[in-house]
Each structure stands twice: as structure tokens, then as C-alpha cells.
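S.K.: The residues making up each chain are set out below.
Number of protein chains: 2
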Amino acid sequence: MTTLIVMRPLFHPSIEEVTVEGILHALSDPARVAMFADIVAQACPQSCSNFLTVSDKAIPKSTLSQHFKILREAGLIRSERHGVEMNNISRCTELEQRFPGLIRAIVTAHAIQSADEARAKMAAARRPAKRLTAK
Amino acid sequence: MTTLIVMRPLFHPSIEEVTVEGILHALSDPARVAMFADIVAQACPQSCSNFLTVSDKAIPKSTLSQHFKILREAGLIRSERHGVEMNNISRCTELEQRFPGLIRAIVTAHAIQSADEARAKMAAARRPAKRLTAK
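Chains as they are written, first to last, in my numbering: chain A, 3 to 137; chain B, 3 to 137.
Here chain A stands alone, though its shape is the one from the complex (with noise of 0.2 Å):
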């Protein structure tokens, strides 16, 4: 017996119908607005599965898929299956002709961000630990 599996193709909206609202909504979300800052930063197409563990956070493969979903039908990543791997590249270069600026804006907002995160978690791990003395 032969089974046949039909995948439900992928919703990749025009770049006309892409809305800002949309863009932001998807970006608007940790998680999201790291995968997409990784995928922006890659020049190869990234595999989902590189991305079980955003900014050290372990993220269930079905959470995943949906953070995929949403930054797909933002009209923000390309998605392509190959086998049972799913890859992602980043529409960069059209976004850019239709929203000049704002891609690299928040990209580099979150680039920001995360440094200063990173910079005040070290600061804390320096600091010596209260000791509890009696005087």
C-alpha cells in the first residue's frame, strides 16, 4: 500500500498586501524578533531546527512552527520544505523597496537591546553577593 501524504502549500502574502501593523505584530514578540534578527544575519537559508534554543531559551517545536507561521503570512521570511526540513530565508530586499529603512531599524533596536540585556546580566554576575553578618 502506498500512502500519500499532500502538504498544504505555504501562505507567502504579495509584498503589496504586506502591512506595517503586520510587521510589527510579528516582530513584537521576544522570541520572534530574535529568530527573525538570526535569519536577517544569515546569508545561507536557516532549518527550523536551528532555532530550538533562542537568546538561551529551549522553545518546544510546535511553538516554534506557529513563531514561523506568523513571520511567514507577515511577509517577513521565505519558507521552503525541503524533505522533512523546513527552510527559511528572510524578504529583506523587498521589504526594503516597499518600507526603505524600517527592517534594518529594528534589527539593529534589537541588536541594541540585547547588548545592553547582556551588559547588565554581567554587571550582576560580578557583583559580590550579599553577606548576611550579624553586627
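The set of hints was computed from the structure by calculation and includes no laboratory data.
Any given hint might turn out to be false.
Copies of the same chain are indistinguishable here, so a pair counts whether it falls within one copy or spans any two.
Said to hold, decoys possible - Taking lysine to aspartate or glutamate and the EDC-like style, the derived pairs with C-alpha atoms no more than 20 Å apart in a straight line are: (1) Lys71 x Glu19; (2) Lys59 x Glu23; (3) Lys123 x Glu19; (4) Lys59 x Asp118; (5) Lys71 x Glu96; (6) Lys59 x Asp31.
Take the given structure of chain A and dock chain B to it, following the hints.
M.R.: Below, chain B without anything else, positioned relative to chain A:
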């Protein structure tokens, strides 16, 4: 008898507490991004009652004050009570120092989208209505 009305102080986060995700979430709503773009465009503080219509849509007062609360608590605007009125100004200068280019890019993208929508609406209005004629 004198009635004393105590107003709760308005919460404004410090600029260090402002997050990219908070800004993007606040501006991912079509009414809020339009309201914020209007505040940014005006040099003088904007009273809440100036926004009873946003993008030609009537907005109830209670919804409006909820929108202002979200913009304020995301660090995008500063609100001041003047009697029964509330005046709002953008925190663009501080935001520009924390996340350079972010606010400008979002407001510009919103303007591009609004112009596209207006053009599409005008083109639709110019198109002759289909005639229902029997052949």
C-alpha cells in the same frame, strides 16, 4: 461639603525600561500607529479629544483612552493632565537616543502605506460602476 477627587498618577517608564517589543506591540494597531504618527507630526502637544476620529473612523472615548495608555506605557508618549483635558507629546528625542532611526522608520513606513491606500481608494472611485444591462 468639599469633594476631593484624587487622580491616579500617570505611569511613564524611564527610557531604559522601554523595549523594542513594547514599542512594536503598541504600534501594531492601525488606530494607535495613526494616532502616534499624528502626535509625532505636530510640534505642539495634542489633546486626546483631537483624536475622536482617526483615519476617518470614529473611535469611542473609552477605546481612545485605552490606546493612549498603551502608547504611554510603551514609552512612546508623555501625557499631562490640564484640567479635564489630557495633552500628549511624543518622546521622540529620548527614543532616538535609545534606538536610533526606529521611530522615524516606522512613521515613514506608515506614511507610505497610508499614501498607497489613499491612491487605491481614489483609483477605485474613478473606476466606472459595472452596468447591469441585459444583452
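S.K.: Next, verify each hint and record whether it holds.
M.R.: Cross-check of the supplied hints:
no. : hint           : verdict
1   : Lys71 x Glu19  : within (16 Å within a copy, 30 Å between copies)
2   : Lys59 x Glu23  : between (27 Å within a copy, 17 Å between copies)
3   : Lys123 x Glu19 : between (40 Å within a copy, 15 Å between copies)
4   : Lys59 x Asp118 : within (18 Å within a copy, 40 Å between copies)
5   : Lys71 x Glu96  : within (19 Å within a copy, 34 Å between copies)
6   : Lys59 x Asp31  : within (14 Å within a copy, 28 Å between copies)
In the structure shown, no violation is registered for any of the earlier numbered hints.
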